[in-house]
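Participant: Input sequences plus hints: build the corresponding full structure.
There are 2 protein chains.
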Amino acid sequence: MDEHGEGRAIDKVADLGRDIGEYIKQQRNTAKISLRQLARLAGVSNPYLSQIERGLRKPSAEILQQIAKGLRISAEALYVQAGILDLPAGGPVTDAVRADHDLTERQKQVLLDIYESFRRENSATRPAAAPSTVEAEPRSEHDDAADQR
Amino acid sequence: MDEHGEGRAIDKVADLGRDIGEYIKQQRNTAKISLRQLARLAGVSNPYLSQIERGLRKPSAEILQQIAKGLRISAEALYVQAGILDLPAGGPVTDAVRADHDLTERQKQVLLDIYESFRRENSATRPAAAPSTVEAEPRSEHDDAADQR
DNA sequence: CCCGAGTGCTAGCAGTTGCAAGCACAGTGC
DNA sequence: GCACTGTGCTTGCAACTGCTAGCACTCGGG
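For the protein sequence lines, the chains are G and L, in the order given.
Numbering (our numbering) for the first sequence: 1 to 149.
Numbering (our numbering) for the second sequence: 1 to 149.
Simulated from the structure, these hints should not be mistaken for laboratory data.
Careful: at least some of the hints might be erroneous.
[Unchecked claim] Label pairs and their computed distance ranges (CB to CB):
(1) G/Gln37 <-> L/Ser123: 31 to 41 Å
(2) L/Gly43 <-> G/Thr30: 19 to 29 Å
(3) L/Lys32 <-> G/Asp113: 49 to 59 Å
(4) L/Thr94 <-> G/Asn46: 44 to 54 Å
(5) L/Ser34 <-> G/Thr30: 41 to 51 Å
(6) L/Lys32 <-> G/Lys69: 36 to 46 Å
(7) G/Ser50 <-> L/Gln109: 48 to 58 Å
(8) L/Arg120 <-> G/Glu22: 45 to 55 Å
(9) G/Tyr48 <-> L/Asp113: 43 to 53 Å
(10) G/Arg72 <-> L/Ser60: 21 to 31 Å
(11) G/Ser50 <-> L/Ala124: 51 to 61 Å
(12) G/Tyr48 <-> L/Gly43: 24 to 34 Å
[Unchecked claim] The calculated DSS-like cross-link candidates involving lysine-lysine, where the alpha carbons are at most 25 Å apart (straight line), are:
(13) L/Lys58 <-> L/Lys32
(14) L/Lys58 <-> L/Lys108
(15) L/Lys25 <-> L/Lys58
(16) L/Lys58 <-> G/Lys69
(17) G/Lys58 <-> L/Lys69
(18) L/Lys58 <-> L/Lys69
(19) G/Lys58 <-> L/Lys32
(20) G/Lys25 <-> G/Lys58
(21) L/Lys32 <-> L/Lys69
Cβ coordinates follow ideal geometry from the N, Cα and C atoms, glycine included.
Facilitator: Listed below in structure tokens is the structure:
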């Protein structure tokens, strides 16, 4: 991490750690499940999940993936909170370009940069879409039954 | 990783490690830059980048982000290769661009023209290894100077 | 020949990640 | 009271990540 200023980077990392931890805790509370229940559903150890929620540890993307699965939210939502994925530019154009097998990665990036620049031109004051919390559907018995169909 | 069969999971993890490593190496070769140059651009140590490319180490998402920056491709492309992000299920680029309400018609056309031009380039120059002329733009001093403007 | 600059890699190490074992506490039923 | 089940957390440790110092090699110039 030589690129980072020593003091501010540490503060930033700590903040990011707390951000994803608090977000996970918030999602878990919203889902009304205990830390141990989530840990079991996610397939991670409960002490580790506890440490993550309190910002003491910084989980890998794989662990975030597992936690997302346990919470039944998208891994991407956690990645965004963890700062390893940008807010989705959103929309069919971005997805289509990314999925196009006829383009190289570099070409995709060039196209999307131009696309974004056009959008900025057209709507300079449009606010960015906020991360969604709609995935925090409460976990109930009824939900489990629906899950099995 | 208790959810996974022991033998197959190990094989799968190893494959994934080699996948992202080979992918990075391929992108680097396509960009015609040395391992050390990419390491410098990415802000990671060159021995570590070497180990990553050879599948000996499994980089974190943060490191992948840095490597993507050095390669000038999206971090998401690397995440997909690393198996921590799913391929977006997108529709055709043309349809998506045409349907995008954030763009003027002119902008749509410009984007689609560039898109088609890229595809043409790729069809004309595509051998089995699929290099791109855009991506294969040599990374020179001149480029660096242009980069800073 | 030597030297310098470049190449990719080896080896050892500090710090971090994720875990298992265990603790203290709360609530419930006998 | 006790035993049980559940809660979140502490601690120590093995494995891993990412680094630095250094190596061997190639190439070009003097």
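Participant: Decide, hint by hint, whether the structure agrees.
Facilitator: The hints, checked one at a time:
Roughly 53 Å separates the CB atoms of G/Gln37 and L/Ser123, a value that falls outside the hinted 31 to 41 Å. Restraint check, L/Gly43 to G/Thr30: a C-beta distance of roughly 37 Å breaks the suggested window 19 to 29 Å. A beta carbon spacing of about 21 Å between L/Lys32 and G/Asp113 contradicts the range 49 to 59 Å that was offered as a hint. Against the hinted window of 44 to 54 Å, the Cβ-Cβ separation of L/Thr94 and G/Asn46 comes to about 49 Å, which satisfies the hint.
As the Cβ distance of L/Ser34 to G/Thr30 is approximately 49 Å, the hint placing it in 41 to 51 Å holds. With their beta carbons about 40 Å apart, L/Lys32 and G/Lys69 fall inside the hinted range of 36 to 46 Å. At roughly 54 Å, the beta-carbon separation of G/Ser50 and L/Gln109 lies within the given 48 to 58 Å, and the hint holds. Against the hinted window of 45 to 55 Å, the Cβ-Cβ separation of L/Arg120 and G/Glu22 comes to about 49 Å, which satisfies the hint.
A hinted range of 43 to 53 Å for the beta carbons of G/Tyr48 and L/Asp113 is consistent with their spacing of about 51 Å. The supplied range of 21 to 31 Å is met by G/Arg72 and L/Ser60, whose beta-carbon atoms lie about 25 Å from each other. With their beta carbons about 57 Å apart, G/Ser50 and L/Ala124 fall inside the hinted range of 51 to 61 Å. Judged by the Cβ atoms, the range 24 to 34 Å given for G/Tyr48 and L/Gly43 holds: they are separated by roughly 28 Å.
Simply put, L/Lys58 and L/Lys32 have alpha-carbon atoms about 23 Å apart, close enough for the 25 Å limit, and the pair holds. Simply put, L/Lys58 and L/Lys108 have alpha-carbon atoms about 40 Å apart, too far for the 25 Å limit, and the pair is violated. Restraint check for L/Lys25 and L/Lys58: the C-alpha separation of about 14 Å stays at or below 25 Å, so the hint holds. A distance of roughly 22 Å separates the Cα atoms of L/Lys58 and G/Lys69; the hinted pair therefore holds under the 25 Å criterion.
Restraint check for G/Lys58 and L/Lys69: satisfied, since their Cα atoms lie roughly 22 Å apart, inside the 25 Å limit. Between L/Lys58 and L/Lys69 the alpha-carbon distance is near 18 Å, which keeps this suggested pair within the 25 Å criterion. Note on G/Lys58 and L/Lys32: the hinted pairing is violated, with a Cα-Cα distance of about 35 Å set against a maximum of 25 Å. A threshold of 25 Å between alpha carbons decides the hint, and for G/Lys25 with G/Lys58 the separation of about 14 Å falls inside it, so the pair holds.
Between L/Lys32 and L/Lys69 the CA atoms are separated by roughly 16 Å; this keeps the pair inside 25 Å, and the hint holds.
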